[in-house]
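A.B. asks: Chain by chain, the residues:
Number of protein chains: 2
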Amino acid sequence: MKYPNGKRSANAKKFSAPKQQKKTTFSNRGMTLEEDISLTNKYYLDSQIAVVHKKPTPVQIVNVDYPKRSAAVIKEAYFKQASTTDFNGVYRGKYIDFEAKETRNKTSFPLSNVHQHQIDHMKAVDQQGGICFMIIKFAPLEEVYLLPSKQLFIFWDEQWKGGRKSIPYAFIKKEGYHIPFHFQARVDYAAALDKLISELEEN
Amino acid sequence: MKYPNGKRSANAKKFSAPKQQKKTTFSNRGMTLEEDISLTNKYYLDSQIAVVHKKPTPVQIVNVDYPKRSAAVIKEAYFKQASTTDFNGVYRGKYIDFEAKETRNKTSFPLSNVHQHQIDHMKAVDQQGGICFMIIKFAPLEEVYLLPSKQLFIFWDEQWKGGRKSIPYAFIKKEGYHIPFHFQARVDYAAALDKLISELEEN
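Sequence order for the protein chains is A and B.
Take the first sequence: its position 125, counted from the start at 1, is 125 in the UniProt record's numbering, and no numbers get skipped.
Take the second sequence: its position 33, counted from the start at 1, is 33 in the UniProt record's numbering, and no numbers get skipped.
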């Protein structure tokens, strides 16, 4: 009963990833950064290290079918603009909030990967004393970094004043925190977060 | 192009509320608790009091149409079980996490309004040092309370050992924190939260 006329519409295709097509990465691990983070979060939850979840993709539901004796089927819905970042949760009593992005660049992270609403949200969280950052993966280099929001804001704000439209790899390597790959925690950001938290507490 | 055959399926109806039919409340204010909390959160965000968002309803997307020159249309999707509570965010640097429920009872809050996965999530957050609670509205009384998770857990765990299946109104009134109605912050939980936080810090 899922396809009443027995076929899908001409334009229909199997849905894979919520917002973007799954990119071919050069990683031999074969998973997207987001999938790796979700697995890490599951490990953190099971091990009582942190409680962090990915927010569901926001969807505007317009039309729902309630067939007898089976689950409700959403027949018409649209993707909505998110008003927050993708991940948030609690770590060592602290509110943490982040966005994850991967780039195929080797020398810089293009700011076009970030959206104004994500910056606005991060600034609001920052003002409230939460801990915000980005997890950035340079796919060709197989390197992942945690970049604190404060560093991101500098480049974001400067780009409107004639600044560059990307953050240099060298800057991220210097000012960010390298995140190692571990088998159980594929994007093991907890140690990087410990360093960020102790730096924030020093200031 | 939204309805290729020009009509909706026989069982289709306009979708209103994500999880449950909007209940008739006895409130002359005419809004659900969830709507009131969302307005409050917007006021808190605009006034830099807190950053709290409702999580989107989780949906399993199966089939998406990408028509030329217009927005992607989700043609088949299903409601998924949430793995967390509905609201979370940051307040005064602290991670807060809560579920909101209204009841038409006057003398107790039935535990059937709460789900095991919500309790599991709250316990994990609690263990991580986050602040968890429920906002409970007794609709006929027009009274709203913040009940700390610890009190909720007591009744939740006891019900499986022959305990009662509901939390008495008198208990919630005594152990919870009354939340007043304000015009701009319709469920003005910040002051109740201040009291909870100072009690937690005393212990």
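Hint data in this document are derived by calculation from the structure and do not stem from the laboratory.
You may find that some hints are simply not true.
The list treats identical chains as interchangeable, and a pair is accepted whether it falls inside one copy or across any two copies.
What the hints assert, rightly or not - In the DSSO-like style, the derived pairs of lysine-lysine whose C-alpha atoms are separated by at most 27 Å in a straight line are:
| no. | residue 1 | residue 2 |
| --- | --- | --- |
| 1 | 54 | 161 |
| 2 | 55 | 150 |
| 3 | 42 | 161 |
| 4 | 68 | 80 |
| 5 | 55 | 101 |
| 6 | 68 | 106 |
| 7 | 173 | 80 |
A.B. asks: For each hint, tell me whether it holds in the structure or not.
C.D. replies: Results of checking the hints against the structure:
| no. | hint | in the structure |
| --- | --- | --- |
| 1 | 54 / 161 | neither (33 Å within a copy, 35 Å between copies) |
| 2 | 55 / 150 | both (23 Å within a copy, 25 Å between copies) |
| 3 | 42 / 161 | neither (41 Å within a copy, 30 Å between copies) |
| 4 | 68 / 80 | between (29 Å within a copy, 18 Å between copies) |
| 5 | 55 / 101 | both (15 Å within a copy, 21 Å between copies) |
| 6 | 68 / 106 | neither (54 Å within a copy, 34 Å between copies) |
| 7 | 173 / 80 | neither (34 Å within a copy, 39 Å between copies) |
The structure fails hints 1, 3, 6 and 7 (numbered hints given earlier, in ascending order).
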